Amino acid sequence: MTRINFEFRKKVLEEIPELKKCFQCGTCVSSCYAEKYIGSYSPRKKILGALYGDKEVLSKELWKCATCNACDERCPQGVNPYEVLTKLKNIAVRENICPESFREKSDIIIETGYAFLIDEKVNNNRKALGLKEIKPKESLRFVKNG
Amino acid sequence: MDEQKAGNREEDNNQKKYAFFPGCLIPIRLPLFEKLSRDFVTNLGVELIDMDFTCCPNYNIRDRNRFLWLVAAARNLAIAERGKLDILTLCGECTQTLKAANELLKDKILLLKVNKELEKINVQYNGTVKIKHILELFYESKEKLTGFVKKPLEALKVSTHTGCHLLRPSAMLKFDDAENPKKLDELSSILGCQVIDYSTKTLCCGVAVFADYKDSVLESVKEKINDIRADALIVGCATCFLQYNKAQLILKTDLPVLHYIQLLGLANGFSLEEIGYNSINRIKNKAFEEKLNITVP
Amino acid sequence: MTKSKKSTKKTGIKAEKEEPRIGVFICHCGKNIGGVIDCEEVTNYASKLPNVVYASHNFYTCADPGQNEIKKSIKEHNLNRVVIAACSPKMHEPTFRNCVSEAGLNPYLMEMANIREHDSWVHIREKEDATEKAKDLVGMAVAKSRYLKPLEDFVVPVKKATLVIGGGVAGCQAALDLADMGYKVYLIEREPSIGGRMAQLDKTFPTMDCSICILGPKLVEVGRHKNITLMTNTTVEKVDGYIGNFKVIVKTKPKYVIEEKCTGCGECVDVCPVYVPSKFERNLKSLKAIHAPFPQAVPLRYEIDTDNCIKCYKCAEACGDRRAIDFTQKEKLTKFEIGTIIVATGCNSFDAAKKQEYGYGIYDNVVESIEFERIVCAGGPTGGELLRRDGKHAKRFAFIQCVGSRDVTCGNEYCSGVCCLNSIKLAMLIKEHVPDAIVYIFYIDIRAFSKGFEELYTRAREEGIIFIKGRPSHIKEGRDKNPIVITENVLTGELMEVETDMAILAVGMTPSETAKDVAEKLHIPRNTNGFYLEAHPKLRPVDSPADGIYLAGSGEFPKDIKDSVTSASAAASRAAIPMNKGKVNIEGITIRIDIEKCTGCGSCERACPYGAIRVNKNTKKAEYTVAKCHGCGTCVAECPFGVLTQNHFTDEQIMAQIDAALSSNPKEKVLCFACNWCSYAGADLAGVSRFQYPPPIRIIRVMCSGRVSEKLVLYAFKKGAQIVWVTGCHIPSDCHYISGNVLAKKRIERLQKELPKKANLPSERLKLNWISAAEGNIFANYVKELVNELNAINKK
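Chains as they are written, first to last, in this note's numbering: chain A, 765 to 910; chain B, 19 to 315; chain C, 153 to 948.
Do not take every clue at face value.
[Unchecked claim] Below, computed lysine to aspartate or glutamate pairings styled on DMTMM-like, alpha-carbon distance capped at 20 Å:
(1) B:K131 with A:E779
(2) C:K633 with B:D245
(3) C:K482 with C:E412
(4) B:K126 with C:E941
(5) C:K628 with B:D104
(6) B:K192 with C:E509
[As the list claims (entries may be wrong)] Now the in silico label distances, taken between C-beta atoms and shown as ranges:
(7) C:R842 with A:L881: 52 to 60 Å
(8) B:E121 with C:E411: 53 to 61 Å
(9) C:C753 with B:K34: 33 to 41 Å
(10) B:I139 with C:D597: 45 to 53 Å
Don't read these hints as lab results, they were simulated from the structure.
From a predicted model like this one, the values you see are computed outputs, not experimental measurements.
Glycine is no exception: its CB is placed at the ideal position from the N, C-alpha and C atoms.
For reference, chain A alone in the conformation it holds in the complex (with noise of 0.2 Å):
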């Protein structure tokens, strides 16, 4: 039996208002890269489980994501499924839940600036090509406290 989750949906709706736009037309859907070629990746789900307040909807599932923005091309709403899937991921992180390997990838971003390990090899390539060398940086480090 399908049961609407008030409490959990007022704090879905606060994060993501934009949510409450969607009128299921399925156009996300079948714009889908992950629908088609991974399957059983319904944008249009994730945002009606969300609506419903269904806590279903935070899982490692929301990863299978290509980033291809098709539906937030198409969305003849402006419900912008790929940003409404991001902040989904948001409140999914913060629960822990995610795929293993992502935490890495955003630790390398915020430890070394960059999105990939820097080594030797990287300079002498650069080097040989007369580029300068690049080091990894600090900068973004003040984000963590954020």
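Since the structure of chain A is provided, determine the placement of chains B and C on it from the hints.
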């Protein structure tokens, strides 16, 4: 095509100096592309200034905490603003991130909140920076680009793949039409290539989920490769470039994939070696190589 | 001495010489005002104002008991000014003017304070502030009322003739109704034939009647009615004047065929060597360059497509002695005078090429609804055979609903209403033509809201038409150029790829491309989607805000045939009211000239778009024609010597309002000058829509932003306002008085630059923008911005 959507802001043309934002992937994994980009942009008469940028930051941070992502992006924008320059990017993701951040920061209250965080590192952002991708710059300078062509690639048939992060959402990015992108096609035909359209042109390369869903993504790559009837696939994004190389190794297909900057190099007279074909491109194809040696009468 | 109603209107009580004796009536409007504002407190406050001799509050002042109380109080307390604090004057000013004049008071001695749309409705949760604001607004009205003078309305004759713009079913119905009532009707249509969209339809829903069969007789009647002058190939060129007295110039494009001499024999068609695509057949068929628009056209005369004609003259040869073809025909301008105008310019399909994902214009077998209507019609380009572009018969059809409607990505948030039933109708026709056809309808919702609609939807399901809930994201092309529709089936939660032979896009309706031009020429406003704006969404649905101009058909909003006809008959009946009376009152808001001070500089003449005030070359003084004046007040603000005064909006009256508005805590208020037609109405709409905004704003109503002179703005700053905001109709063409806003722009922008010098304040303190009557939310949001700015200024 709706002019608004396709984008062509008059006031941004004719700039001569930009803050150079090469991103992470290209400087670290594909430095040859950085070199080629710097050289070609300089030859267009545009000066590139290096600044203290970090990762844009990419969607990994955005997925983790949207506000912190915004602060980090605003830091990059603030650095460019301090240097009084607009930003030139090489990567689609960087472009999408920085433009999205700019849009969000039009909300004055949000800007105040973000600036409060940025105070900790003594920078402030006032919303004045504009972002341009290198392909936009090339497109604006189409006439000059034809001047670079020393070796017209007329024998070459190509299909193009712009990349999702440069196209969508088109209302914000305003780079090209998202359903039927044509700018990379035009940029390729300026170099003499014959451009062949195909139906899965806007299909995502799937790199973001490749690690966890290999088979599914390979299906999508196979669909795209099978759809293309050209000698080479020209991509506008370095990540897509790596992805289509890697995926084809597993699929054992042989459609050579070139980044646009490599194609520009070839048209400018560089050899295959010099554009990194031997070292960087994993998918080689004899027929393609031979076509480059043919001169069309 | 008893005075009859008529004479008291003329002389009234000697209000000019007497001390003002003001009566203030505060309305609760049920809970609309009373639920937020403490009306008793405001009444007490009002009773203590100088010259106020009577103050009371009432639940529904506009109702009989309320009005009777006002009339009683006027007599009992010898009132010579009346202030009513209630809804917007745009709602009830005429009501209350009537009320006081029935009590023997000149109607212009009544002033309203807008404490509903501009107060209680927009400050619902700020009851204390709303009450304080109400006191200010009442104080402003009282202050102005002290300086009010009695004015006389003018009575102008109304010509018993109407111009109907547009010959679709709505235009024809309106024309026939008025002509049958006995009025003269000029019906102009820009296409060569009347009939509009309805002539292109095959059948009509829900009855499945043949469209042209029921329309045809109406068109014929229009063509032969003795009271209707039908002019096709004709558009509006210029419109001058005002209700009862419009002067119109229309332009008729030449057809190169002399209507009276053409017998319709068709011999010219046989010899013409040029083919042109038929607009009527949506480019699915070619016609010769000389052609009749369609078989049931009215007038049924041939015409030549002059853009494509190669002037070989073979047609003239074939016509021979009949000499019906005349290549020397030129554009013709015709002038006439009319009393009322009905705008029936109709609608067009949304341009499906804007939704590239559906492949319209790219794939061969993707068509849109009107094109399909022509394909399915037995009289159409395929003779009713359901043929694809490759000539093969289609057996599998898909309708895609909501193309260009309910879609913010193409700026059309609205629902076009009729497309659901239209697709169901076409689906039923397909089944009639091809009983074993497979027909899908992909929908978000099915809107079957009117009589017989739901029943047709039921029949459609019984016919085996497959309804799939899901909005397709795109169409791709399979083998044989078959369109493949990609959608999620929302009810099963699974993706579907449906191969069809033909996809039909159920496009929404957009206003005719001529709507912008017509609206500009008539000075009537349109909403953000380009549909004509009605005077009131519920109570005056077929009136435009301009007196004497009425709206019929889909130009105002998408309608099916029944609603178009209904609105057309309604518009005709509305137009008949002034024409029947034979006269109409023009408000007495006119100009006075202090001839002594006039230097003959001509600023007023340059400011007036109606030519109502001109400098006499001999006397070198300004001269004024009442009947041409529309009462904007722009000349008053343009005059550099303060020679002109606008009745009912004098400098004295407005400055008294400014005084009252800023009498307490001036630094905490934003003072706004809003024009009656656009921005004041926009503020009203914010109230009607309950868009909330902060209280510290005081709005002074002027007829036109052109009235806002430098003197008034500087006075407001002098009285302590920190931000003064001037707002009017959108530049350049929305001004109700044509050019008042453009002159206001020049004047205020100049003052902005000079503000540091003239008021010792930074230029940004004087705000200027343009807000239309449809932009309630923009008004509310801008007030929020200004109050934020004001708070920031005060913090420093």
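Inset, instruction - Hint by hint, work out which the structure violates, then give me just those numbers in ascending order. - result: 5 and 9
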